[in-house]
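Construct all of the structure, not just a fragment, from the sequences and the given hints.
So the sequences go chain by chain: A and B.
Quick note on my numbering: the first sequence kicks off at 28 and runs consecutively.
Quick note on my numbering: the second sequence kicks off at 28 and runs consecutively.
Read the hints as simulated data drawn from the structure, not as lab findings.
Any given hint could turn out to be false.
For identical chains, the list gives no copy identity; a pair is met inside one copy or between any two copies.
[Claimed, not checked] When the alpha-carbon atoms are kept at most 16 angstroms apart in a straight line, the in silico EDC-like pairs for lysine to aspartate or glutamate are as follows:
1. K135 with E192
2. K202 with D240
3. K265 with E181
There are 2 protein chains.
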Amino acid sequence: MAENNTITFYDLQLASGCTISPFVWATKYALKHKGFDLDIVPGGFTGIMERTGGKTERLPAIQDDGKWVLDSWLIAEYLDETYPDRPRLIGSEGEKILTQTLENWLWKTAIGPWMTCFIKSYRDRSLPQDHQYVTESRERMFGNTMENIIIGREDRLPLVPPQLELLRTALRQQKWFGGDTPNYADYRLLAVFLFCASVADTPVLTEDDPLRDWIDRGFDLYGGLGRHEGMSPLFGLKLREGDPEPFVKDAAKMGGGLVSRNTGPKSTSEETAHLKGEKTTA
Amino acid sequence: MAENNTITFYDLQLASGCTISPFVWATKYALKHKGFDLDIVPGGFTGIMERTGGKTERLPAIQDDGKWVLDSWLIAEYLDETYPDRPRLIGSEGEKILTQTLENWLWKTAIGPWMTCFIKSYRDRSLPQDHQYVTESRERMFGNTMENIIIGREDRLPLVPPQLELLRTALRQQKWFGGDTPNYADYRLLAVFLFCASVADTPVLTEDDPLRDWIDRGFDLYGGLGRHEGMSPLFGLKLREGDPEPFVKDAAKMGGGLVSRNTGPKSTSEETAHLKGEKTTA
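Structure below.
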């Protein structure tokens, strides 16, 4: 399988050639994680059925020595099953379920509001032949015009960063969601930021956001897979008077028993003194 | 190890004998998952250092043929490492990280507000010798009196169920967070509801909450481990005029590409027609 170590990858692109869909981004990373070269079939929303010979209306899709595999999750599972000797994408059934759950959370928390901020630049950056489809399908989805959907976005954008503390807490404990090395959970979650960078015409996170380290490392993977010239900066959100704090500054104090391990009385004495209202010598 | 298949388990109990701490609940389930009998050392917050011979200020703690292991996560890892031939609790490093992340979300979403509703019954149900410690430590934590903390709880309680949709979405796709069988993620998340049932003097979820199936199955595990007579009903929350919908009623419409798999044009044709504003024959 995979002659010349190459898999055919049906991309979903903007006019710049940059990948747009989070699902397609995640698949691109998954193929690289497994060590494959990509034979990229370019294109946008228009003509997917024609490009794939009637195989699918949606992307991603791959062809591995003639074998078609559709759907970002099914592709990841196919790659782990077919190439078990290459680095695993999904470590366990439970890991898959939890990844989907956390991804669902991140979509509601970030993609939801960001979509209402960048729907117009999404359309404007799409391929000329896609403009009509993107406009009509998204306006139908929202029940409103592009121009109306984005109204008030300067008020909505600063509300997203404080909601991402869950990711920051996890990434304070370890380098990747996969532990020492990235796994498919990292790619699914990074894909939300990759999508955002492909359509955001104004930054969504502050320069000093602690998420920056993980995002930058993720975008740099596989020779800078997330550094396409068509992408916009994510960092540089300017806060206004009255905007909420974008992240917890004194994070060391957070978490308690959820994130610190009890290895004996020494490890808990400071917290105990605090609970009892006693002064500590530390 | 584990002579007579029994492990000594240092419980943290209310006056009824019911376990209180979510961490201790999760460990109780973990030991049963591994097939062990428990030699339970009873007790509350007072005298943990004395009961454990100075080994720890916090529970859970276990003794396995004389070997002490502290901390709910370290115990789970110890059990998987020491007894690899028994059912695994944690399937992969990524699964552990994602479990901790989702647990962190559930604490913020549910335990946070519930604690402000049940802090007084928590104290009232604790062992007599624990009343002063629970009162003082929790009032210090909140910077307020028990009586003041719970004011307005009838307004806060109905706001929690709508926030739990993430769990419902996951459990519509599969039986447990572990897939076909429960794993440590299920126990960590169930522990939040076990904790709540141990202290809640008024129900927190509606009778018809879709989470009920998973919670009931979880409480029934291992001979009804979560059915202690000291626990209160979780289901029976009465909504008032103006309270938000407690859960998404027409869930089949939710999710799109996040939860449905693309297996070819047939699987997406209805969504495509909807996006294009076309009538479907279905």
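Hints and how they fare:
For the identical chains of this complex, K135 and E192 are neighbours both inside a copy (14 angstroms) and across copies (11 angstroms), given an alpha-carbon limit of 16 angstroms. With identical chains, the CA atoms of K202 and D240 are at most 16 angstroms apart within one copy only, with a shortest distance of 9 angstroms there and 36 angstroms across copies. Proximity of K265 and E181 under a CA criterion of 16 angstroms is satisfied intra-copy only: 10 angstroms inside one chain copy versus 38 angstroms between copies.
When each numbered hint is compared with the structure, no violation occurs for any of them.
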